[in-house]
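K.L.:
Whenever a hint applies, use it, and build me the whole structure from the sequences.
Residue numbers (the working numbering), protein chains in the order written: chain A, 10 to 380; chain B, 10 to 380; chain C, 10 to 380.
Worth flagging that the hints you see were computed from the coordinates, not collected in a lab. Treat each hint with caution, since some may be false.
Which copy? The list can't say, so a pair holds if one copy fits it or any two copies do.
[What the hints assert, rightly or not] Only pairs whose alpha carbons sit at most 27 Å apart, straight line, appear in this in silico BS3-like list of lysine-lysine:
hint	residue 1	residue 2
1	K322	K232
2	K373	K319
3	K232	K319
4	K322	K227
5	K227	K319
6	K147	K366
7	K373	K232
8	K319	K369
This structure is a prediction, so every number in the text was calculated from the model and none was measured.
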Amino acid sequence: MTTMTTSKADENTDSGDTASLLSLPISAGTLAELLEGELVGNAEVPLSTLGSIEDGPVEALTFIRSSSFAKFWANSSCGCALVSEGIEVPGHDPENRALIIVPDADEALVAILEAINPNRVRPASGIHPSAVIDPTAKIDPSAAIGPGCMVGARSSIGANTVLMHNVTIGVNTHVGADTILEPGVVIEDRCVVGDRCHFGANCVIGTDGFGFLPPTDKRGAMKVPQIGTVELGNDIELGACVTIDRAKLGATTIGDRTKIDNQVHVAHNCVVGTDTLICGRTTLGGSVTVGDFAMIGGAVVLNDQAVVGKHAKVAGGAVVLESVPEGETYAGMPAMPARQALLNYGSFRELSTFVRKVEKRLKKLEADSDS
Amino acid sequence: MTTMTTSKADENTDSGDTASLLSLPISAGTLAELLEGELVGNAEVPLSTLGSIEDGPVEALTFIRSSSFAKFWANSSCGCALVSEGIEVPGHDPENRALIIVPDADEALVAILEAINPNRVRPASGIHPSAVIDPTAKIDPSAAIGPGCMVGARSSIGANTVLMHNVTIGVNTHVGADTILEPGVVIEDRCVVGDRCHFGANCVIGTDGFGFLPPTDKRGAMKVPQIGTVELGNDIELGACVTIDRAKLGATTIGDRTKIDNQVHVAHNCVVGTDTLICGRTTLGGSVTVGDFAMIGGAVVLNDQAVVGKHAKVAGGAVVLESVPEGETYAGMPAMPARQALLNYGSFRELSTFVRKVEKRLKKLEADSDS
Amino acid sequence: MTTMTTSKADENTDSGDTASLLSLPISAGTLAELLEGELVGNAEVPLSTLGSIEDGPVEALTFIRSSSFAKFWANSSCGCALVSEGIEVPGHDPENRALIIVPDADEALVAILEAINPNRVRPASGIHPSAVIDPTAKIDPSAAIGPGCMVGARSSIGANTVLMHNVTIGVNTHVGADTILEPGVVIEDRCVVGDRCHFGANCVIGTDGFGFLPPTDKRGAMKVPQIGTVELGNDIELGACVTIDRAKLGATTIGDRTKIDNQVHVAHNCVVGTDTLICGRTTLGGSVTVGDFAMIGGAVVLNDQAVVGKHAKVAGGAVVLESVPEGETYAGMPAMPARQALLNYGSFRELSTFVRKVEKRLKKLEADSDS
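P.N.:
What follows is the structure, given as structure tokens:
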């Protein structure tokens, strides 16, 4: 059996971890049946890989999610395309090629990727002998606690949850069911993690917030005790090396179904809503609020106390000083409506030339005016 | 016993780790006595939580650190306020409410937070059987070395110091007394850490500085050996995932009482003074100097060799190319005096409109002038 | 024996880990012989440290890589300098001082640093009893697997490779020969790492790329399975806490001899060439391409799909939205040719003043024109 991936790492993966649901090559007709889509064209077209509509090979499946993709179809080499319902595809040759009409081409592609995904081997349930578990901790018997893990006093680990390797769970911390914590994850004392979460390696949850009274002539910086906690909902995904600080009082919270990319930093007392997407390397300062369904690009800086409204979007690299209204898209430093940012940065690219020319024209006008 | 925190994580914390010094509710009179403050008003006002002067509940203690807070007092619902000495509080009703006058309201609040802080259980002194300690390492008998830790040859760990879990100490590295290293901290060879420090989980101290001769046609990039070290003073706090690189020669140094937030990167040969505060995600390039008592915001970039003077401040998101003079506040990219940055960014927000209007007005003037 | 470093950490390093090849002080003549350079001047000048040409002490060796350094020589206190072939050094006093002419002063300095580098003690070959190795993993007998490490099923570790402490290797992952993985490094399933690599502590390789279909009214964000892998070439150096995500399909790849600094984030499907240098805290968005021999500064943001050409340079703090052409140097936000950025940021520093003055001059001209 071959898989759709071509990586060298897979060359000798003839066993265990790459058992996939799909056998390749697969015919367009069989794929249409599996996806419960409508076949338009030749059911025999053989498919063995995924490809771009512009340069994919003849044996590739591609996808058409909008008319801007559809216009490439007539000249594409790909044998078959997934097409979102309602999109016109001009120049189709049904005798030699195939279209599969589905409600949403992107979602159908996800279903295919899931089918060919080399399934990860879940560690067996139980506690590895090298793990150190406090006698007062409650570990569900179906949970898997890997080598070198530690679970502190009065903490609990829910059903089917997996702690991969060298994971640290502090004191009185509660992790829900069906959650996976990758190697090196640290969750400090008194935190709560929901069900069906996935945290990338070396994430750190529950470090003290960065709260100090500034130093004076008489004493050094005085630490403000951070006696709050961190509460993370269900179905949350965190990338590697994400840090989420505990609150000064109350809790730093992340809502259900929110997905956070690698190396994001969430400071104390942030309140992040449900269903948000936060891309890599973004910084949330203290007490930042992010509304439900917000989408935040990479390397963004949200200043202390900044508020991002529901369904708002923030472009990568933006610095939000105060707020982004509900539903709006902001960009730039300082962040402003994206259209305005586009125009201003466009002008900025020519600023020096503009300054020189204006100076020259003003001088000429002033000279004329004086004469 | 209840605590002032309301987090779900605390609901079943009826034991061990939340034993606090304060019993709640507490009367304003008792609190005044504990803080050695002057009570003005009703000593019987019961307090069970902390709150904001603008929207805290009747049972809340709030604080008044300046007259801008004081003006809210008359209409606040909070039963009691800590007031910094010398601040006038208009509209106080001493029959039903209470003020507690203290030298510094912020410091008094810290004292209260410390009193209600659920005390962390310190691991017992001694070396966990799973820790791997080189026979030539010197571990003070009062130190606590947690599971999965490693201490290399000729290294030393001072009195009462705690290595939580999976901490790595390299060869010939010296950690002082009363220091706490959270899980996953790595301190490489030949580094020095002072007393009473606290390093967040997964910090890495002593990685080689990033020094290479650029690649040429004849050879790849040539590594410049980084034979220096890292020297960290006393009372230093580092957040999670902070990285501090060793020097090429000599030492990368951080002064006493400096506090550094999560995911800060300090490159080789930086010299950071005493009593500085550096917020999350800030980058210190190679050979950067930061003076004593400087305050640096989040996501700041200090270019290689940049110099930040004593008592200087750098606003979040700034990019410092060369230097910030002693005592000054800089902001923006490139960093400039904050007032200038504010004006320039203000103009930038309207740049495109300005360019268009100037163009139009110049054209009209030129047409008039020609005619 | 003393070493050239002056750090406190070295005070009691009279054994093992600091055995160096060079004995100090060393005479200029002996050093010239060791470096196979040409001595010009007094062979007896004693050298015991390295120093800057501007303020190094009399016993210091300094270096002259260009005429801009050479002009300081006459007034420098340093006893000896390494000089790159072909550079004129005015005002040399050969009776009391020494110059050593070498093909490349920088490379000669590297050779000296290597000679005085306290050699790290390599752990003995073999597998520490606390390491957890899957029976199907292949560990070369010359490899050293430290305490608390884990190697998953069907993975392999090459000859002389060292896993320091608490390193995690997933399932079906292949690490080459002579590679060093510092403590806490995590390499997830199905990744490939080449020979002679060095990865800093707490790096994470092979986290899932951040791929989701955005949430809709009917469902939460839908995870796009990341079924690809990560392939890292030979002679790659990664700093601490670097994260490199696996590809959606195919592989995220880094070319031979590329060096990446601390806390860099490389998102899924990036293709980074050979011989590139990427400084600390830089972010590579999804599907970014970086050409061979490119040099990228610190805290740079490369937007999703951005392309940096071969031999191109990107200044620290830049935000690249689309591309940097081959061989060019870009800077600023958004990134533009460095010379243009310099001029535009120069104008930006005075923008507010410029706006005010233009307004005033236009008003005067308009008033004159009307009258």
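K.L.:
For each hint, tell me whether it holds in the structure or not.
P.N.:
Now for the hints, and whether the structure bears them out:
1. K322 x K232: between (35 Å within a copy, 19 Å between copies)
2. K373 x K319: neither (52 Å within a copy, 45 Å between copies)
3. K232 x K319: Answer is between; shortest inter-copy Cα gap is 21 Å, intra-copy 34 Å.
4. K322 x K227: between (45 Å within a copy, 20 Å between copies)
5. K227 x K319: Classified as between: cross-chain Cα gap 17 Å, same-chain 45 Å, threshold 27 Å.
6. K147 x K366: neither (74 Å within a copy, 69 Å between copies)
7. K373 x K232: neither (62 Å within a copy, 57 Å between copies)
8. K319 x K369: neither (48 Å within a copy, 39 Å between copies)
Violated hints, in rising order: 2, 6, 7 and 8; the structure is consistent with all others.
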